[in-house]
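S.K.: Taken in order, these protein sequences are the chains called A and B.
Position 118 of the first sequence, counting from 1, maps to 105 under the working numbering, and the rest follow consecutively.
To convert a position in the second sequence, counted from 1, into the working numbering, add 10.
No lab work stands behind these hints: they were computed from the structure.
Predicted model, so just to flag it, every value in this text is computed and none were measured.
Hints may be right or wrong, so weigh each one.
[Stated by the list, open to error] In silico DSS-like pairs for lysine-lysine, Cα to Cα no more than 30 Å straight-line: (1) A:K149 x B:K209; (2) A:K131 x B:K218; (3) B:K43 x A:K149; (4) B:K67 x A:K131; (5) B:K257 x A:K26.
[Stated by the list, open to error] Covered stretches of chain B, going by a simulated chain A footprint (3 or more residues, C-beta under 8 Å): (6) 62 to 68; (7) 104 to 110; (8) 244 to 253; (9) 317 to 327.
Beta carbons: idealized from backbone N, C-alpha and C, even for Gly.
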Amino acid sequence: MNEETKGGAPPAGGEGEKPAPRPAPRARTGGLSEEELTKEVPSRVVERLKSSFPDAIEEVTYFAGNPIVVVKTDRLIEVMSFLKNDADLYMRQLADLCGADYPDRPQRFELIYQPNSIRHGHRITLKIRIAEGEEAPSLTGVWKSANWFEREAYDMLGIRFKGHPNLTRILLSDDWVGHPLRKEYPTEGRPEDHMLLRDPGFRPPDIMTGDLPFKP
Amino acid sequence: MTVNEPASTLDTDIMEVNMGPQHPSTHGVLRLKLKIDGETVVGCEPIIGYLHRGTEKLCESLSYPMVEPITDRLDYVCAMSENLGYMGAVEKLCGISVPERADFVRVIMVELNRIASHLLWLGTHALDIGAMTVFLYCFREREMILDLFEEFCGARLTYNAFRIGGLLEDLPPGWTGRCRQFLKVYPACQKEYEDLLTKNRIWLKRTKGIGVISGEEAVEIGLTGPSLRGSGVGYDVRKAHPYSVYKRFEFDVPTGENGDTYDRYLVRMEEMRQSLRIIEQALDTLPEGPIRAKVPNWLKPLKGEVYHSVESPRGEQGFYIVSDGTDKPYRMRFRGPSFANLQALPQLCVGHLVADVVALIGTLDIVLGDVDR
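Model the full structure from these sequences, guided by the hints.
M.R.: Okay, here's the thing in structure tokens:
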């Protein structure tokens, strides 16, 4: 392994410490080139969106034959209802919803939606960007399936959804501290959970007396 | 209160009952908070997360090839489908085209795994409802498939069978012959299960009209896979967005009519036959040639993001990868079909008896490793 391949490893950092920026990327895939991958492809959905909501679309990019559309946060429900009910698109299913964390950006979180048209076979990736503390509009009124997906996004990233009927943690326990998919959350867990590994002289507390050094 | 008082005038309270997480019929660690009125379920709240291992977070500190063993452990009953989906996503992200032979072998493996997964489903589903014999029969045939897998990749459950750009190893000598042997034996075995169940009066009573969901509702709540097709919606990712070499094979997508547990059973039974058809065609036209494209060991995709989904035995298994141009994924998202399907359970349960909840968990065919990830 040479110097250049080592660069990708994230530095070990404690809680709250920002990871150092990664080195400039250089593609090594043996596959298609950048021009071929980011080539624009004709898409009925993007056409219709552009003609119906010219002011709601912030950005359209393409990757590997799939259009990625970024829409304005306050227009999301409107756009999604259109995608769902328009006879030409008829995207009746929300296949997936997930969030991603970009701590360096002013609008920190991205929510990524994958509406899916079973009748016409259309597919598109739709995104909104929100800042920390900002509430995202909940899509539970449009698709029932958004319920658990949004709960998961809240659980993992701490994104709050406005109008969600039951925004509680879904995969982690209710008393969990932190949101694991945020970039500052250490992969190996919180430091206090690994005292034995970090400090060989550490004596585990007597659990029976409840004398714990951390809140589990 | 006298004994002869009619039941309607008796006071009934709604009772909350806990089911699971250590209940054999929940197929893992699923907990249900049931609200029951006598024997009838009036509310159901699934509580999940007991098997959460933080795989999405874990992937952010692993390089692309190192993620594959993790995908095995998502839906451990059909690890081949997970492998194929992940490989497909990475190959899409990098624009790698896979040699033909590798694609064919992948399809054979995935379809064999679909049969094995449906056999496990059938066995446990029937066992939950009370038909014990089918369970033993199903495991007999599943064993044959697992032997084939063991010969191919050395593992019986978590296969880690494919590599980015193709396969690690070619098929062992004589493997196709043994696979054909299985194809020859299997249809008679499936007839045995159907003889035991399809027209069995108890089976009909326990499954017909249980957990009815209309096609429109099923799409809305996010059902995919056989659970959706049982309601008459013929959505199959293999047909709708063909990946790998599925375009070249002839197969039908069976659909049900009534959207009940019995129809979902019929759909899965027919799917196994269609899988056999695909395997047969793939074996007949299996091309010779290389098994792996030239892919650097230390893979660094371009900056970009892709969503790729495959039809796993449970439904649409999606992978969303965000690459920031380094050797590790910036964000990895697994869209588990079981997670989305389980969301429909409260809707299906309401109005049925507690005993039917067991049948409904079975009919959704959830795997908790896939729900909790």
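S.K.: So, for every hint listed, does it hold in this structure?
M.R.: How the hints compare with the structure:
no.: 1; hint: A:K149 x B:K209; result: violated, 50 Å
no.: 2; hint: A:K131 x B:K218; result: holds, 26 Å
no.: 3; hint: B:K43 x A:K149; result: holds, 26 Å
no.: 4; hint: B:K67 x A:K131; result: holds, 26 Å
no.: 5; hint: B:K257 x A:K26; result: holds, 24 Å
no.: 6; hint: 62 to 68; result: holds (count 5)
no.: 7; hint: 104 to 110; result: holds (count 4)
no.: 8; hint: 244 to 253; result: holds (count 3)
no.: 9; hint: 317 to 327; result: holds (count 3)
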